[in-house]
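All chains, full assembly: derive it from the sequences and hints.
Per the working numbering: the sequence shown = residues 1 to 283.
Note that these hints are calculated values from the structure, not bench results.
Since the structure is predicted, the reported quantities are computational estimates derived from the model, not experimental observations.
Using N, Cα and C, we set each Cβ at its ideal position, and we do this for glycine too.
Any given hint might turn out to be false.
Unchecked claim - Here are the computed lysine-lysine pairs in the DSS-like style, where the Cα-Cα straight-line distance is at most 30 Å:
1. K46 x K223
2. K223 x K148
3. K189 x K148
4. K189 x K223
5. K46 x K189
6. K265 x K189
7. K265 x K223
8. K148 x K46
9. K86 x K148
10. K46 x K86
As the list claims (entries may be wrong) - Across the chosen pairs, the derived CB separations fall in these ranges:
11. A11 x E232: 44 to 52 Å
12. R96 x N151: 15 to 23 Å
13. A99 x R219: 43 to 51 Å
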Amino acid sequence: MSNSVINSTPADSLPLTDRGGSYGHGLFETMLLHDGALPLLQQHFKRLLRDAPVLGVNITADQLSSNLDSLLRGLTPEQRQSGIVKVIVTAGSGGRGYALPVLSEVSPRIIAQYFPLPDDLQIQRQQGISLTECDYRLPLNSRLAGIKHLNRLDQVMARSEWAEEYDDGIMFSADDSLIETTRANLFIKLSSGWVTPILDQAGVRGVMRELLIDGLFARAGLKLQQARVNREQLYSASELFTCSSVRGIVPVTSMMNVGALSVGKDTRLLQSTLLNNVQGFPC
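What follows is the structure, given as structure tokens:
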């Protein structure tokens, strides 16, 4: 049994010349595997196919499907019931230094890996999480904003600021705008309604975030806007949750500089709306 494949072949190592390892030249998706299915597969494929060309990487849906099929066939029946599937697309090998390879010579590497689910997943969905506030600031970069590229050093540096006393860390940009946490997107309820930070200068446009923006809030009968969010607004939030394609919607019940928070009825409503509208996604 193999827990990783590269270009549809079982493998567990990359060539030293791979541009993903050398320069972070690539992007990735982290998918929930539940009851033998990938509930958000089409959304993940859509994002990969949209963002890969921005990085000079051309891939097809057939290539992605072939790699996933190869991985899933190699899993045990127990593994296929639940887990995390990570798909990494690199620009392959080639080019000189930072220079991009000639497009016709680019042969992307598509890596698919399986990991077990974290033990605390269901507990956090129900009981909530605690957040610290990271000192590290995300740089402003409108060219790469929104893309889940392989350059995750910002998140590595931010995550190094605490041990286990918090579940995640809130990240602001260099201009002190609220962006996200180290591993998820943020939604906050203000006196004026629900807001999620606009991500045109920094951050990752997560698949779950897009589902919430594109329909789940409306189906729940709630209004939502994307806007600049500052520290004072964050501190005044009456409800707060994080979201990701693996963890779903997770309420925040404690936040540094604020203290305890209650799990609000809107957050529970959105969890229920997700369960009822996305087939196969557990809440």
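Comparing the hints with the structure gives:
1. A distance of roughly 25 Å separates the Cα atoms of K46 and K223; the hinted pair therefore holds under the 30 Å criterion.
2. A distance of roughly 27 Å separates the Cα atoms of K223 and K148; the hinted pair therefore holds under the 30 Å criterion.
3. With a C-alpha separation of about 26 Å, the suggested pairing of K189 with K148 holds against the 30 Å cut-off.
4. A distance of roughly 10 Å separates the Cα atoms of K189 and K223; the hinted pair therefore holds under the 30 Å criterion.
5. Pair hint K46 plus K189 holds up; C-alpha atoms about 29 Å apart against a cutoff of 30 Å.
6. Proposed proximity of K265 and K189 is supported: the alpha carbons are some 11 Å apart, at most 30 Å.
7. Restraint check for K265 and K223: satisfied, since their Cα atoms lie roughly 14 Å apart, inside the 30 Å limit.
8. For the hint pairing K148 with K46, the CA-to-CA distance comes to about 13 Å; that is within 30 Å, so the pair holds.
9. Straight-line distance between C-alpha atoms of K86 and K148 comes to about 12 Å, which keeps the hinted pair within the 30 Å bound.
10. Note on K46 and K86: the hinted pairing holds, with a Cα-Cα distance of about 15 Å set against a maximum of 30 Å.
11. The given range of 44 to 52 Å is respected by A11 and E232, whose C-beta atoms sit roughly 50 Å from each other.
12. Distance hint check: the CB atoms of R96 and N151 are about 20 Å apart, consistent with the given range 15 to 23 Å.
13. For the pair A99 and R219, the supplied restraint of 43 to 51 Å holds, since their beta-carbon distance comes to about 47 Å.
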